[in-house]
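Asker: The chain contents come next:
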Amino acid sequence: DVKVTQSSRYLVKRTGEKVFLECVQDMDHENMFWYRQDPGLGLRLIYFSYDVKMKEKGDIPEGYSVSREKKERFSLILESASTNQTSMYLCASSFRVSVNNSPLHFGNGTRLTVT
Amino acid sequence: GQQLNQSPQSMFIQEGEDVSMNCTSSSIFNTWLWYKQDPGEGPVLLIALYKAGELTSNGRLTAQFGITRKDSFLNISASIPSDVGIYFCAGQTGNQFYFGTGTSLTVIP
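Sequences listed follow chains A and B, in order.
Just so we're aligned: the first sequence equals residues 1 to 115 in our numbering.
Just so we're aligned: the second sequence equals residues 1001 to 1109 in our numbering.
FYI, nobody ran anything at the bench for these hints, they're computed from the structure.
Just so we're clear, the structure is a prediction, and the values are computed from it rather than from any experiment.
Any given hint could turn out to be false.
[To be verified] For lysine to aspartate or glutamate, the following DMTMM-like pairs were computed, each having C-alpha atoms within a straight-line distance of at most 25 Å:
hint	chain 1	residue 1	chain 2	residue 2
1	A	Lys3	B	Glu1017
2	B	Lys1051	A	Glu30
3	B	Lys1051	A	Asp1
4	B	Lys1036	A	Asp38
5	A	Lys3	B	Asp1038
6	A	Lys55	A	Glu69
7	A	Lys13	A	Asp38
8	A	Lys3	B	Asp1083
9	A	Lys53	A	Glu79
10	A	Lys13	B	Glu1041
11	B	Lys1036	A	Glu79
12	A	Lys70	A	Asp51
13	B	Lys1036	A	Asp1
14	A	Lys57	A	Glu72
15	A	Lys3	A	Glu62
16	B	Lys1070	A	Asp59
17	B	Lys1036	A	Glu22
18	A	Lys55	A	Asp28
19	B	Lys1036	A	Asp26
20	B	Lys1036	A	Glu69
21	B	Lys1036	A	Asp59
Sequences are here, hints too, so could you generate the full structure?
Answerer: This is the structure we're talking about:
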């Protein structure tokens, strides 16, 4: 079974703090994604990565950055956390589409609260 | 990004009833996916569909990939209390995924 592991289930941070959300997958997937999920707004793509050291902006990249130094790990960074970044953050991964029919597999989510 | 039209938005049903929900898009997709999400958890993949017209079952769940490639439906037969949650669809084109707005299912024992 595919396993996507997010390092924290719940985080509480203060405004202005630098926040790191970590995600690791064990299926050798090329693609990794970070989404945030808010009531009434659904899933919105923050950043994605097709390969090590590659990153692409999604729909809402402002206030976020990412790092992909190893294939299995994709980190989301909030440079200076703000209260409007309080949300559920979901990491996901998949094979590159040319390799396989590959659905998206999600982690368990990190509920971040910024006070 | 594009959001898919998913209906109904919510359903309240009696235990034992069948459930049907669907997703439509203005775009063609190569893959349709259906997920279930419990409160506070990440979405779990239920069914993946890869060919237009494909009908796939997973236990009491059945899903179909529409012929036009612009729609998909999910049926749940003989619902049970643990079916409670939010169900949402996703369409894939290339390496990108687009998501439905979700159907909240409540099963009344």
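Asker: Next step is simple, just say for each hint if it's right about the structure.
Answerer: These are the hints, each one checked on the structure:
| no. | hint | verdict |
| --- | --- | --- |
| 1 | A:Lys3 to B:Glu1017 | violated (33 Å) |
| 2 | B:Lys1051 to A:Glu30 | holds (23 Å) |
| 3 | B:Lys1051 to A:Asp1 | holds (23 Å) |
| 4 | B:Lys1036 to A:Asp38 | holds (16 Å) |
| 5 | A:Lys3 to B:Asp1038 | holds (17 Å) |
| 6 | A:Lys55 to A:Glu69 | holds (11 Å) |
| 7 | A:Lys13 to A:Asp38 | holds (18 Å) |
| 8 | A:Lys3 to B:Asp1083 | holds (22 Å) |
| 9 | A:Lys53 to A:Glu79 | holds (19 Å) |
| 10 | A:Lys13 to B:Glu1041 | holds (20 Å) |
| 11 | B:Lys1036 to A:Glu79 | violated (32 Å) |
| 12 | A:Lys70 to A:Asp51 | holds (9 Å) |
| 13 | B:Lys1036 to A:Asp1 | holds (17 Å) |
| 14 | A:Lys57 to A:Glu72 | holds (19 Å) |
| 15 | A:Lys3 to A:Glu62 | violated (28 Å) |
| 16 | B:Lys1070 to A:Asp59 | holds (22 Å) |
| 17 | B:Lys1036 to A:Glu22 | holds (23 Å) |
| 18 | A:Lys55 to A:Asp28 | holds (17 Å) |
| 19 | B:Lys1036 to A:Asp26 | holds (22 Å) |
| 20 | B:Lys1036 to A:Glu69 | violated (31 Å) |
| 21 | B:Lys1036 to A:Asp59 | holds (23 Å) |
Of the hints listed earlier, those the structure fails to meet are numbers 1, 11, 15 and 20, in rising order.
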